[in-house]
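**Q** So the chains spell out like this:
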Amino acid sequence: MIRIAAVGDLHFGAESGGGYAPHIESLPDHADLILLAGDLTRLGTVEEARVAAGELQAAGIPIVAVLGNHDYHSDKVPKIRDTLEAAGTVVLEGSSVRLDIGGLTVGIAGAKGFGGGFVGACASDFGEPEMKSFIRHTEETAAQLEESLRSIHDADVRIALLHYAPIDATLRGERPEIYPFLGSFLLGESIDRVGCDLVVHGHAHRGTERGLTPGGISVRNVAQSVIGAAYSVYCLTPGGEQTVPAAV
Amino acid sequence: MFSSRGTYQAIVEFDPAIREEPSYYLAGRLRETLAERVGDFDLDVDFVGETFVVTGKVTSSEQRAEIDRLLVELIPGVAVRNDTTLPKLAQPSEPDVVS
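Chains as they are written, first to last, in our numbering: chain R, 1 to 248; chain U, 1001 to 1099.
Quick caveat, the hints were computed from the structure, so don't treat them as lab data.
Please note that a few of the clues may not be correct.
Across the chosen pairs, the derived CB separations fall in these ranges [as the list claims (entries may be wrong)]: (1) 1050/U to 25/R: 16 to 24 Å; (2) 1036/U to 173/R: 19 to 27 Å; (3) 1097/U to 228/R: 15 to 23 Å; (4) 1089/U to 119/R: 17 to 25 Å; (5) 1061/U to 147/R: 41 to 49 Å; (6) 154/R to 1083/U: 47 to 55 Å; (7) 1037/U to 153/R: 43 to 51 Å; (8) 126/R to 1036/U: 41 to 49 Å; (9) 25/R to 1083/U: 30 to 38 Å; (10) 25/R to 1077/U: 40 to 48 Å; (11) 1036/U to 119/R: 28 to 36 Å; (12) 26/R to 1077/U: 43 to 51 Å; (13) 1081/U to 147/R: 49 to 57 Å.
Computed from a prediction, not measured in an experiment: that's the story for all the values here.
Cβ coordinates follow ideal geometry from the N, Cα and C atoms, glycine included.
Take these sequences, add in the hints, and give me the full structure.
**A** If you want it as structure tokens, here you go:
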């Protein structure tokens, strides 16, 4: 069994040093790896990324992350990525990584994702260039996610790590008017085409933790304000049956 | 619409292009400015009586103090109330067995 800790939207600020590390010092007792579902920073500055990297050093287990929209805000993504990777965090964007844990291969495909909305209330590749550009970015990131998932098809445990939501069920609690800015069904479609054991995302601070893709894959919204804790732990047994969440 | 002199002055300082707009727009502009400056889109701004009330969750006491500072900077002299909250982290719940 693999124990996966996950959290998103930590939003480290320049003054956040020392606030999170104590909560993850005993993490190796509870989990085999930790996934970060984007928005490690508030304003996307390198200084904030340094704080994040410093705090995460306390984890003591492999860390795999995607970035979120806040991490893009100051146009410093390469430096933020370098800062996190220098501290040992694997940062994915349309890419994947394999980790050997206890003799099992854990494959993680990661992408930030993007918005666009969900079936019946979504943006279309139609009209003004700005609208077409918006939805084409989502199409591109969904395609990259799908390709990344294919690259880990033979792993014992396969996880999709996103910032934006691939389903609307984990957005319940948010205002429906902003769903198109919180995720896209195109991401869920890519996931269901290839398959995996668990999908983790953040971004929807007022959403719901548990959901399922239309294809029956478990999805968890791990935005910190949703889980209300420093992290949540999800247990996966290779070849195990999916446990349907009661709240769906 | 705003009518008190203090509010009018503050609006002019907040954005000289604005004179007497409905509070709906001002609350909206204030919310967007706060969210962008502190990087927190969980904030809401409402105009209650003659007071701008900011609500929502922040991630640190420093962020909450920054909202106080920005309110003074953006709308000096206007009655404001910072009702944002700083949730405490709970212990992680029992592991969720997905499969």
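**Q** Under the constraints set out in the numbered hints, which ones does this structure not fulfil?
**A** Result: hints 1, 4, 8 break, sorted rising.
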